[in-house]
Amino acid sequence: MEKINSFLANMGRSVGKVVGSLYQAGRDSIDQVMTNVLPFMAFISLVIGIILATGIGDWIANTLSPLASSLTGLVVLSLVIALPVLSPLLGPGAVIASIIGTLLGTQFANGSIPAQWALPALFAINPQVGCDFIPVGLALGEAEPETVEVGVPAVLFSRFITGPISVVLAYFASIGMYS
Amino acid sequence: MEALAKAAEWFIGLFQQGGSVFASLVVGIVPLLVVLMTFVNALIALIGPEKIEGVGKAAAKDGLLYYPVRYVVLPFLSVFFLTNPMAYTMGRFLPEKYKPAFYDAAVSYVPPPLGIFPHINPGEIFVWAGIANGVEQAGYNVAELAIRYLLIGLVVILMRGIVTERITAAMWKTKEAK
Chain E
23 MEKINSFLAN MGRSVGKVVG SLYQAGRDSI DQVMTNVLPF MAFISLVIGI ILATGIGDWI
83 ANTLSPLASS LTGLVVLSLV IALPVLSPLL GPGAVIASII GTLLGTQFAN GSIPAQWALP
143 ALFAINPQVG CDFIPVGLAL GEAEPETVEV GVPAVLFSRF ITGPISVVLA YFASIGMYS
Chain B
-4 MEALAKAAEW FIGLFQQGGS VFASLVVGIV PLLVVLMTFV NALIALIGPE KIEGVGKAAA
56 KDGLLYYPVR YVVLPFLSVF FLTNPMAYTM GRFLPEKYKP AFYDAAVSYV PPPLGIFPHI
116 NPGEIFVWAG IANGVEQAGY NVAELAIRYL LIGLVVILMR GIVTERITAA MWKTKEAK
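Residue numbers (my numbering), protein chains in the order written: chain E, 23 to 201; chain B, -4 to 173.
Treat the hints as calculated values from the structure; they're not laboratory data.
In this text the structure is predicted, and so the values were computed from the model without any measurement.
There's no promise every hint is true.
To be verified - Okay, the calculated bits of chain E under chain B, using three or more residues with CB under 8 Å as the criterion:
#	stretch
1	41 to 55
2	60 to 68
3	71 to 79
4	102 to 110
5	127 to 134
6	149 to 155
7	186 to 200
Note that beta-carbon positions come from the ideal geometry of N, C-alpha and C, so glycine has one too.
Work the whole structure out from these sequences, hints included.
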């Protein structure tokens, strides 16, 4: 009887733990969707809606499409975004990457840009990822102030080199996809 | 009067377009996102994110062999288990000279898995979803794009980690020389 009791208690506890974790996980994901995802969707929809409805979108798309359907164009795009003076300004909230990405998405959708350019494009619009967050990110890693002083320009310069390289790597990695 | 009505129609039209964009985003992205994030969040809670600390200690070692540990394995595990921005706290296990390069590798691996593991940074999912939605509407299967983005991202962060480590070392030298 003792054994059965402790077995039941143990089983109850582990089932409770799993169910509790699942429930908490559900609560967390709904929370994240409400606080982060939906507001951002509203913002993106407003910007994209206005851009599309006013026809600015066609103009931007006509400028971006040729750029986004050649390797040179994408490398140039990534070089501009990764300029060490620009990248920290373009970083926050991934707003610029999201807007350019969504605009490019409309061009992928109607076929103006062939789909095999999607992978290098994903890297080309985002060489500035985290460039606005370097001091905080380093502080989270308990870095000394001198490390931050050296680390911020080091990362920014590195992006100017590695941004275009990542586009080229992605270009080779997309060989054979969607063709 | 007619002009006024035209203007009003145009004004509303601006937002109708936005509304339909919003509707397609909510219907297209949110349901999958919620269920997938619930699964991964539960998995992480059951495994226990503190288990990856051993990898952090291994990644601190010098030598060629530890480059992939420091700039591929550690960033991947940190980002997957701790998500943005807590992933960067794993830098505390590394010597100062490797911290900028680790941050660079880790933060650069936040977008690449978003197609399969959106829990890493759901707030910035459009970095991936903007282009992916377009590709999907053009009639292609985005799973292939998602998996290639995730894999080539690992190569990119290794390359980026090494380059940033070298640049950090060079800048440190010039700073000390002054």
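Each hint, compared with the structure:
Counting residues of the stretch 41 to 55 of chain E whose beta carbon lies closer than 8 Å to any beta carbon of chain B gives 10, which meets the minimum of three for the stated coverage. Residue count for the stretch 60 to 68 of chain E with a Cβ under 8 Å from a Cβ of chain B: 7. That meets the three needed, and the coverage hint holds. Counting residues of the stretch 71 to 79 of chain E whose C-beta sits closer than 8 Å to any C-beta of chain B gives 5, which meets the bar of three, so the coverage hint holds. Coverage of the stretch 102 to 110 of chain E by chain B is violated [criterion: at least 3 residues with CB-CB distance below 8 Å; count 0].
Under the rule that three or more residues need a Cβ within less than 8 Å of chain B, the assignment of the stretch 127 to 134 of chain E holds, with 7 such residues. As drawn, the stretch 149 to 155 of chain E meets chain B at 3 residues by the rule of a beta-carbon pair under 8 Å; at three or more, the given contact holds. Under a criterion of three residues with beta carbons nearer than 8 Å to beta carbons of chain B, the stated coverage of the stretch 186 to 200 of chain E is upheld, 8 such residues being counted.
Hint 4 alone, counting from the list given before, is not met by this structure.
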